[in-house]
Amino acid sequence: MAYRQILYHIVFRTKYSEKTIPQDNAPELYKYIWGIIKNKQGILFQINGMEEHIHILSDLHPSVALADYIKDIKVSSSKWMKNNPLFPQFKGWAKKYCALTYAYQHRDTLIRYIKNQQKHHQQESFKGEIIRLFKEQGIEDREGWFWKES
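The numbering of the sequence shown is this note's numbering, which starts it at 1128 and goes up by one.
No wet-lab data here; the hints were simulated from the structure. Where is the CB? At the ideal position from N, CA and C, for every residue including glycine. You may find that some hints are simply not true.
What the hints assert, rightly or not - If you anchor each label on the Cβ, the simulated ranges turn out as follows: (1) Tyr1130 / Lys1167: 15 to 21 Å; (2) Lys1218 / Ser1190: 29 to 35 Å; (3) Asn1166 / Asn1210: 35 to 41 Å; (4) Asn1210 / Ala1230: 37 to 43 Å.
Please model the complete structure; the sequences and the hints are all you need to start from.
Here you go:
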């Protein structure tokens, strides 16, 4: 097998950015997603989020395609949440996602960033956060692509 080191900072949101992830119950969701990641031979470094979105920092096994990895996480967790009384308002995930790559030298900084989501979002909206992350990566979100449901 070839050697590789790629960190993925994955962000996705609830359908219509509705606040349907109660923060008191979010740790149960994060444990469930961790199980999906382990089953895909991935390594989870950090997961956290807010009522309308989550951040995942993970290493992706080279035998797994990124699109399949995210699809499996979203489909499995969506089914689980819709059948779980801890998430009564959850309607599903938005179709789009953000997956940014970073070098391992940024791992600790990204872990701290994701751990501190609740504090961070006292000063910056989710939309502002995505726009900033895109700009930092040199991505132009033309016409609000990330925010459109279709």
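To see whether the hints hold, each was checked on the structure:
The beta-carbon spacing between Tyr1130 and Lys1167, approximately 19 Å, falls within the hinted interval of 15 to 21 Å. Here the CB-CB span from Lys1218 to Ser1190 is close to 32 Å, well matched to the stated 29 to 35 Å. For the pair Asn1166 and Asn1210, the beta carbons lie near 19 Å from each other, so the given range of 35 to 41 Å is not met. At about 39 Å, the beta-carbon gap between Asn1210 and Ala1230 stays in the expected band of 37 to 43 Å.
Violation of the numbered hints given earlier is confined to hint 3; every other hint is satisfied by the structure.
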